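**Q** The lines below spell out each chain.
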Amino acid sequence: MRNCLHTGLAALFIFVLSSCATYPVNPPLARYNPQSGYRFENLKAPGNSDSLFVILTFSGGGTRAAALSYGILEKLRNTKIRWEGEERRLLDEVDVISSVSGGSFTAAYYGLFHEGLFDPEKFQKVFLYRNIEGELVASLFNPINWLRLASPTFGRIELAADLYDQEIFREKSFSDLVNQGRRPFLMINATDITMGSQFTFAQDQFDLLCSDLSGVRVARAVAASSNFPVAFTPLIMNNYAGTCQYQEPAWMEEASKDVVANPPRFNRARIARSYLKSGRREYIHLLDGGVADNIGLRGPMVALGSNDLSWSLPNKISSGKVKKLVVIVVDARTNPKTEIDQKPSGPGLTTILEIVSTVPLGNYSFDTVQSLLDTFNQWRNDRDAYTACKGILGRQCPAANMPTKPLPPIETYGIYVGFDQIKDAKERDDFLNLPTTFHLPANDVDRLREIGPKILDESEDFQNLIKGLKD
Amino acid sequence: MEYVVVSYLTERDVRIDRQVAGKTNDTLMVERGHHLFDLGDPQDYQPLSVERNVQNTTLVSPLLINDFHPSRGVA
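Each protein sequence line maps, in turn, to chains U and A.
Numbered by numbering that gives the first Met the number 0, the letters in the first sequence go through residues 0 to 470 in order.
Numbered by numbering that gives the first Met the number 0, the letters in the second sequence go through residues 0 to 74 in order.
Keep in mind that the hints were calculated from the coordinates and are not lab data.
There is no bait here: all hints are sound.
Straight-line alpha carbon distances no greater than 27 Å define the calculated BS3-like cross-link-like pairs of lysine-lysine that follow: (1) U:Lys323 - U:Lys79; (2) U:Lys342 - U:Lys425; (3) U:Lys320 - U:Lys404; (4) U:Lys323 - U:Lys466; (5) U:Lys322 - U:Lys389; (6) U:Lys453 - U:Lys425; (7) U:Lys453 - U:Lys121; (8) U:Lys43 - U:Lys121; (9) A:Lys22 - U:Lys322; (10) A:Lys22 - U:Lys43; (11) U:Lys320 - A:Lys22; (12) U:Lys256 - A:Lys22; (13) U:Lys466 - U:Lys79; (14) A:Lys22 - U:Lys323; (15) U:Lys389 - A:Lys22; (16) U:Lys404 - A:Lys22; (17) U:Lys124 - U:Lys171; (18) U:Lys469 - U:Lys320.
Just so you know, these numbers come straight off a predicted model, no measurement behind them.
Go ahead and model the full structure; you've got the sequences and the hints to work with.
**A** Pasting the structure below:
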């Protein structure tokens, strides 16, 4: 009888625990307000000019990516510049950090804790030099977690999000970022698996869901961003579309006419509207941001090429607000050696799964970087053509003026930091074969922190930028 | 990138798809495609907005929008 009672109580305990275990629900938004929430234009920039506009993008790649981007932030902190008559650090001029997966840990920690990132007792201890992967695996062997995982609404990603929330990001939420109200603006990117598109943790995105991002823990954004396919389960966001009196921005209706004139813009509107159909997509499932874009550059590319975003760079440049525009892409992409092509037999299922879940993540990175450089080149060519025409007109018809004004001057710097740029073949090979994991030996982390600054120093564009910021 | 000049008698904000994108009579950088142009507040001009499909422009030959004029009775 007593045994039966114990068994019954245990069964009840298991039932209650597994029933209670569910993901933390993102709160609904009471009423849509395009002026409030975590948006670029709500962040002040004390000591940070708009005229020097700096965007950083941090790629995926586990601790390897986190350490590489960490080294870049250390380098920018140590780089003194002079701009508009004032001495400052280049780091203080960073306006936007767009990140994916491993890079999101460094980006989010800096966004929340600023100088705390560089304290050896903080980020380095709680993440960079820590065996996070081991702790994630250990959590899977905890019987309490077996019960929680038995719930259909509590996936493995929630264990990771809990760990990051408690141990790394100290239960901070986006409301803390809103209250700080200072740049850089973080774009922590995940992938919406239904649309195959980028899902950025910013209020503009959450407006579409009629959800208040302020009530979402930053750790959940980072967990979604680094939610490696297969290893984890999708992270879920509730969609309350139709409950907050949301009004579509004007660009969406215009873009919906651009199927021929501008297909990518048409597609942005199509994706945005996919969230708006009440009841059609009640739960949004998110995976690693690298599935849509493994270098975090696509979001900033929209701001660089479009008037649709509130922080559109064309609008800022046309208004003469931005004079120097810098984009530094930090890419921890590797190219590990494989023996697949040494044997006639095909690779096993595990290898295939690994390939399927990693190769697409890096496939389009080169194209995206090229697109950035092409954009800057086109701007330069357009200005050169204007100047040349003006010169010809001046010579042929000195009394005539150009019919339209030129654009305000703008200098652009597209800087890529990746292991392919390492000059020494042996060293390059070492870095290109580092594993993707949330635990690297301390020596590898040290080397990653050093190699980023070295690559930056060897970049001609970076040297030209610094030269122009010393005068 | 496409280029547009919205002409008007005085210097006013130009809004593209309801967001301020620059000033009248200046050259503006515009993404290719359909856009709604207006001059913001006060709405003392006609028409209140114009729509254009912006494409195949250059910095030397931008799209000129000269539809806007003060409302009747406004100096």
